[in-house]
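Join the two chains, each given in its own frame, into one complex according to the hints.
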Amino acid sequence: MSTIELPTPDRTIIGRRGTIVQDLMRLVSPGSVISDDDGRRAFETDAFTAYKRMPLAVVLPRSTDEISRVLAYCHKHGIKVVARGAGTSLSGGALPAEDAVVVGVSRMNRVLEVNYEDRTARVETGITNLQISAEVAERGFFYAPDPSSQLACSLAGNIAMNSGGAHCLKYGVTTNNLLGAKIVLVDGEVIELGGNHLDAPGYDLLGLFVGSEGQFGIATEATVRILRVAEGARPMLLGFGSIKAASECVSGIIASGILPVAIEYMDKPAIHVCEAFAKAGYPLDAEALLIVEVEGSPDEIEALLERIGKIAAAHAPTTVRVSGSAEESAAIWKGRKSAFGAIGRIADYLCMDGTIPLGRLADALAGIGEIGERFGFRVANIFHAGDGNLHPLILYDANTPGEVEKAEACGAEIMKLCVDLGGCLTGEHGVGIEKRDLMRYQYSDTDLAQQVRIKDAFDPDWLLNPAKVFPLDLQRGARRA
Amino acid sequence: MTQIMRPTEEAELARIIADHARREAAIEIVGNGSKQGIGRPVTAATQVVTRNFRGVTLYEPSEMVISARAGTPLSTIQNELDKHNQRLAAEPLDLGPMLGNPEGAATIGGVVMANLSGSRRILAGAVRDQVLGLRAINGRGEIFKTGGRVMKNVTGYDLCRGLSGSWGTLAVLTEVTLKVLPNTEETRTLLVLDQPDELAVELMCAAMGTPFEVSGALHLDETLAGRLAALDLIEKGRPTTALRIENASPAVAYRIAQLSARFRPHGQVVELDHAASIRFWRAIQRLQFLVGTTGPVWRISTAPSRATEVVRAIRGYSELNVAYDWSGGLIWIETPASADAGAADIRRVVATLGGHGTLIRASETVRAGVECFQPLEPGVMSLSRRLKKSFDPAGILNPGRMYVEL
Numbered sequence: 001m002s003t004i005e006l007p008t009p010d011r012t013i014i015g016r017r018g019t020i021v022q023d024l025m026r027l028v029s030p031g032s033v034i035s036d037d038d039g040r041r042a043f044e045t046d047a048f049t050a051y052k053r054m055p056l057a058v059v060l061p062r063s064t065d066e067i068s069r070v071l072a073y074c075h076k077h078g079i080k081v082v083a084r085g086a087g088t089s090l091s092g093g094a095l096p097a098e099d100a101v102v103v104g105v106s107r108m109n110r111v112l113e114v115n116y117e118d119r120t121a122r123v124e125t126g127i128t129n130l131q132i133s134a135e136v137a138e139r140g141f142f143y144a145p146d147p148s149s150q151l152a153c154s155l156a157g158n159i160a161m162n163s164g165g166a167h168c169l170k171y172g173v174t175t176n177n178l179l180g181a182k183i184v185l186v187d188g189e190v191i192e193l194g195g196n197h198l199d200a201p202g203y204d205l206l207g208l209f210v211g212s213e214g215q216f217g218i219a220t221e222a223t224v225r226i227l228r229v230a231e232g233a234r235p236m237l238l239g240f241g242s243i244k245a246a247s248e249c250v251s252g253i254i255a256s257g258i259l260p261v262a263i264e265y266m267d268k269p270a271i272h273v274c275e276a277f278a279k280a281g282y283p284l285d286a287e288a289l290l291i292v293e294v295e296g297s298p299d300e301i302e303a304l305l306e307r308i309g310k311i312a313a314a315h316a317p318t319t320v321r322v323s324g325s326a327e328e329s330a331a332i333w334k335g336r337k338s339a340f341g342a343i344g345r346i347a348d349y350l351c352m353d354g355t356i357p358l359g360r361l362a363d364a365l366a367g368i369g370e371i372g373e374r375f376g377f378r379v380a381n382i383f384h385a386g387d388g389n390l391h392p393l394i395l396y397d398a399n400t401p402g403e404v405e406k407a408e409a410c411g412a413e414i415m416k417l418c419v420d421l422g423g424c425l426t427g428e429h430g431v432g433i434e435k436r437d438l439m440r441y442q443y444s445d446t447d448l449a450q451q452v453r454i455k456d457a458f459d460p461d462w463l464l465n466p467a468k469v470f471p472l473d474l475q476r477g478a479r480r481a
Numbered sequence: 001m002t003q004i005m006r007p008t009e010e011a012e013l014a015r016i017i018a019d020h021a022r023r024e025a026a027i028e029i030v031g032n033g034s035k036q037g038i039g040r041p042v043t044a045a046t047q048v049v050t051r052n053f054r055g056v057t058l059y060e061p062s063e064m065v066i067s068a069r070a071g072t073p074l075s076t077i078q079n080e081l082d083k084h085n086q087r088l089a090a091e092p093l094d095l096g097p098m099l100g101n102p103e104g105a106a107t108i109g110g111v112v113m114a115n116l117s118g119s120r121r122i123l124a125g126a127v128r129d130q131v132l133g134l135r136a137i138n139g140r141g142e143i144f145k146t147g148g149r150v151m152k153n154v155t156g157y158d159l160c161r162g163l164s165g166s167w168g169t170l171a172v173l174t175e176v177t178l179k180v181l182p183n184t185e186e187t188r189t190l191l192v193l194d195q196p197d198e199l200a201v202e203l204m205c206a207a208m209g210t211p212f213e214v215s216g217a218l219h220l221d222e223t224l225a226g227r228l229a230a231l232d233l234i235e236k237g238r239p240t241t242a243l244r245i246e247n248a249s250p251a252v253a254y255r256i257a258q259l260s261a262r263f264r265p266h267g268q269v270v271e272l273d274h275a276a277s278i279r280f281w282r283a284i285q286r287l288q289f290l291v292g293t294t295g296p297v298w299r300i301s302t303a304p305s306r307a308t309e310v311v312r313a314i315r316g317y318s319e320l321n322v323a324y325d326w327s328g329g330l331i332w333i334e335t336p337a338s339a340d341a342g343a344a345d346i347r348r349v350v351a352t353l354g355g356h357g358t359l360i361r362a363s364e365t366v367r368a369g370v371e372c373f374q375p376l377e378p379g380v381m382s383l384s385r386r387l388k389k390s391f392d393p394a395g396i397l398n399p400g401r402m403y404v405e406l
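Residue numbers (my numbering), protein chains in the order written: chain A, 1 to 481; chain B, 1 to 406.
One chain only, chain B, in its complex shape (with noise of 0.2 Å):
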């Protein structure tokens, strides 16, 4: 039976480590439960849940920081981040709804351990860039902090990064400092219609070329698009490529006209308005393409030019659809459902063309029987496991949530 743990203070939540660390004994980190379902499943008699550490704890608009306590749902942080038109410049994406969970559900804490950005990363980065300082908590019981609140920091080690995307198996975060930016003026939107896989890459490749700063560089498979239709900004089960431009409003104009110029001659081209090309990202921020099937998915990290390569080479052992983002750098495949969702065959092609895929949704038995995270080489993997006893000797935090030995 497992024992929920509710921590309110950084003090009880040390203390509840270190005790358990002493014991040698297995904490399952949960903050809203958002991202439960990705990963390998944690056995561990303790779930310690971190939502009550929750609240804004600094916000200067002026300097572009905000930092809050882990708990703190990611709505929260939008609507103090509205007040002051500034946005998190990762988009980091919600995945509540891909996974049958509600939306917004997502705590800052959680964003930071998983470390996965939406669209914008092309332009703006990943959420781990925008990580300025952090507060957690080791696998002895050990408040530490690192970074700060300043844009730039080279004092000591950057475990800001070292923690991001750590997935809670290295420490427990109580507090995350973020880098935000001013929301620009005005967004707008080209959608270019009924391109091939390979020709959409070509042209988000193209278009990333430009200097026009573009901030989204998505393409959508016809079946994939076709989820989307209910938006009424595509037309049903026709493929499509899109491009965001955010900026001041002349630079938005002039940017969308020069990109349209440069790809009407490829295709029918829709333009998306302000209000429009805010609705069609925000469904991609939580992958309504992916929202309301079961179907395993993949998120598949490798170089835009070798995306169709590495698409093609799978369709080879089964149907699949796709989506292409970050100019074809980051893939998102569903398969149909398997003994282990794809992953030997999904696995030998990246090997082969170079990236590496992240199972991340998949039944909880699939999940236990493959590796969803992409497997390291040896010395990766040894280096990895040295700095996970660095911060977690026992090995009770998150254990196995990433990799069987970690």
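In isolation and in its complexed conformation, chain A is listed as follows (with noise of 0.2 Å):
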């Protein structure tokens, strides 16, 4: 079925895979290498679930040393390595492959030490990113970035795809959050970037390693910040008539100097399947929804709410509704937070993640619906509108042949609108093998190939996670044929 196209793996690794497991044993702790076929079968696949590889052998390590030796070992062996955090990548960002060994970071999810006064936590990177936040949350401090998966997600993966969330419209995606980390680099050599201060000597590699999606080593270990929560915060609800009416609407409250913390956009589709699941109270007559929260003490919400109804009024909403109650404000972010399985339960769906600049908000969601119409397929969209980061979801029925190509057409359609307008191909899953060869799109062969000489430096054999980000003919392999 699948359209993507994955490398022919190497048979003499494959043949090796006896000694290599053996190998691996001697190296890491006892039971830390699965190497049966159903315990290899439960890491065949992350997210991007359309796509499946058996690994070669998957090694859940307990330190950083292990896992130096284990890179080590694979370095010295040519043997290709696929990092996994939760393995909750949307764009098949840990898909394995068939000669490659999946190391993953999940038996390494300690608190190393927490920093009230510099307000830093120190962490093994198998963490899920709410676990951060519950173990400061006493003290009244979190971890700001909060993509939707944060229950399941894990620091590494958030480090190897620069994830956001909801949020990050006020407090920044990882990238912004993280002061330090130790890395593991291809060879085994165990470096350390950043520490617990601001702002790090020399060039700023762990900026440049965060959101290289594997492909320059492992963090086993980072610093984060923390922040101290708002005294209080509260949502409300916008509906209105028509997408564009919700846009400018958007465009209006931004302009106005407010910045919400988070400002999230539903469509019609969304609204109803989200109300179905959640029953938050979301108006079911309106063609778009806002949920914009803002924080502060409670006369500050009060002021701040009362300024975005005046903006909102502007542009004759259907519903204008402030949360009364915490349990509202959970049920209205339950609705939010749930959407991607609340969408589930009707249909199959591929999740696209595409950003515009906010004034073609309109344009884009206009250009959407007509693909969605050409591809006969329906289209829900729900968004962070505060950046312009979209996430059309397009729903088909995986049951019925040839659906899910054409359901990958139809995406890749959309991401080139996307980039048509102004916007990038992700703003928060990645490229992974989902949009890899769409980055020609985006990118010319110059840019293209800035970035790949970055890649041979960190790995100049190309072994970490293979056949993501870039065109197959742009990697280490392909060029040299």
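Honestly, I wouldn't trust all of these hints.
[To be verified] Here are the computed lysine to aspartate or glutamate pairs in the EDC-like style, where the Cα-Cα straight-line distance is at most 20 Å:
#1 B:Lys-389 - B:Glu-377
#2 A:Lys-170 - B:Glu-186
#3 A:Lys-244 - B:Glu-186
FYI, nobody ran anything at the bench for these hints, they're computed from the structure.
As structure tokens, then:
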């Protein structure tokens, strides 16, 4: 079924599987190597489930030293390595290969040190995103980046993909909240970048590492910024009779100087599915819905919501509802945060992830509607409107032959539209294998060549997370041929 | 004799670089020269001046994004932003006056290449956090772009961060796209007077741990505070700890009241109103407390909880004037002139206690003789060398500016 080409695995490596597994077992603590079929099958895909490949072996080390030994071994023997956090990538970023060892950090999930004076936490990167906040919640602190998968996704994966979430309009994404990391390079060398202070000396190698999709090394420990939780936060719901009115309201809020902590957008299909699931009180008569959340003391929140209400009034809202209680706020966010799951209950879907300049929002949504119609798919739109990060969900039926390929083609058209409007192919899911072949649509060959040379600098033999990010012909091996 | 070239078009600049790459001839890259006195002196027969790459090329206030050619003066950008009541979030430093150059001369390309963020960095992030996209020319003379003009972008590697703070040693910027923020309605500042360093840092850390979004936390010792006396904001010669709140007016009033109640027991508290606050932090942005003197100046980044220990240890070797910004995480140190500007002692202390130091002001002779930037661990240096090679294989762009071997 798949339309994305994956390289032919190296048969000689696969032929040596028995020896490799034996060797790996000697390098790590007992029980850390998974080599049986059932065990490996659990790792054959990530959340981009249309693509599956059985890995050569899976190693779940318990320390940086173990990861270093595994990488040194693989490097010496020319074996590819796919790093894995929690396996929640939506772009196939953690898709294994038959000739690659999966190295997962899920067993390295301890909090090593919290310093409230400096407002930092040092953790192992297998920790889940939400667990970091949970550790410091008692003292009124939290870790800001909040991808929708934050209950499950690991910090390691967040670092690999530079993940964000609904609240990054105000608090930034992973790269803005990471101060230091311990990194194992392809040959097993361990380096420390940054530390528990702001700004690191020399080149910003840590900044370059974040978002490199597991192609530069494996981050095993990280020092993150923790922030004091606001005194309070409250969302309001704004329903509109047209996409245009909702889009203009978003621009109006930003232009007014108010910087809400989140502005989330849902179109009609999304509103209906989410309401059926979460019973959040979303207005079913609206063509578009905004969830706008502000923070501060009770008085500050009142004042900000009143101003936002006034801005919205100029765009003829059909619903204006301020959350009246903590329960109501939780329900509103539950609807949004469970949107992907809720839609998954009624159909198979492909979740796209492009960004556009905010001013082109109405054009983008109209264009996405047209593309969906052309391919014969319903498309639901849920996204972070404050920063123009779209998530069109293409609903299809996986049991109908040819539908996956058609949905992928539809998705590619939508991604291209984002680029045409001045945006980009991915705002938070990463390129992975999903958008690899579209990279030339956004970047010239010269642009890509510069990126490829940086990959060469970190991993000259291209052993780390192969077949991702760049069109295959630009990757080492293909370039040598 | 130095040949000075002033290209006006990207293609012309690319040709110049490609030609130098072929001949393996070094180039010094200069914008307006406001930070030329920082780092190791570059030895190059050619100087390329980028100040003709000028002008705002895109500004969408409702999308909070601005693009400008790299040689555009920071002041031009700020004027544009003022028209729409917006600002650069990181409050980039104007080092001109401190280095004996005019005020406001920095170019936006230089700001990104130096990544020298101001006081608001603790709340709003560094200069590099606001870079959304770049156009640049690598050491092969190839024009490339990275990033874009949208707030979120993880399409490929984050070269925007990789290039920010690289001091022109990897590529020459031609255009920069930055995220901007709305100006807040009101700014007010609390000054707590007469705190010794330890208490001041404790107090700043406590303020940063409140939910009130303090956007500036600075402590000046009595000598440096004295140099701001002309502003009529500070009583001469009294150590001063400043805490800034920026927000909508009702929020500012509430937050200032909350902070003030907490810190009044520590000492005399003075409140600066909107206009006075703006004057105070503008003076900090151009390091007014280091203007008019000539002693070596160091910028040390460390964990706030280690800040006073670092300073105490360095004081063991010489007299110092000290300012703590970023709640103690950034220390400005003015030392007496010496052959190495105190480098050996400062490096020894930082190596023991954690952090890193950059020599920001010293004579050319001193800068040629010491490492101005923090020496890197061997593994990190070797990676940096490979990164340099990936951009500039012939090593012609600002060679030696950051490190002898880069």
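Checked hints:
1. B:Lys-389 - B:Glu-377: 18 Å, holds
2. A:Lys-170 - B:Glu-186: Roughly 18 Å separates the two Cα atoms, so the pair holds.
3. A:Lys-244 - B:Glu-186: This hinted pair is violated, its Cα atoms lying about 32 Å apart.
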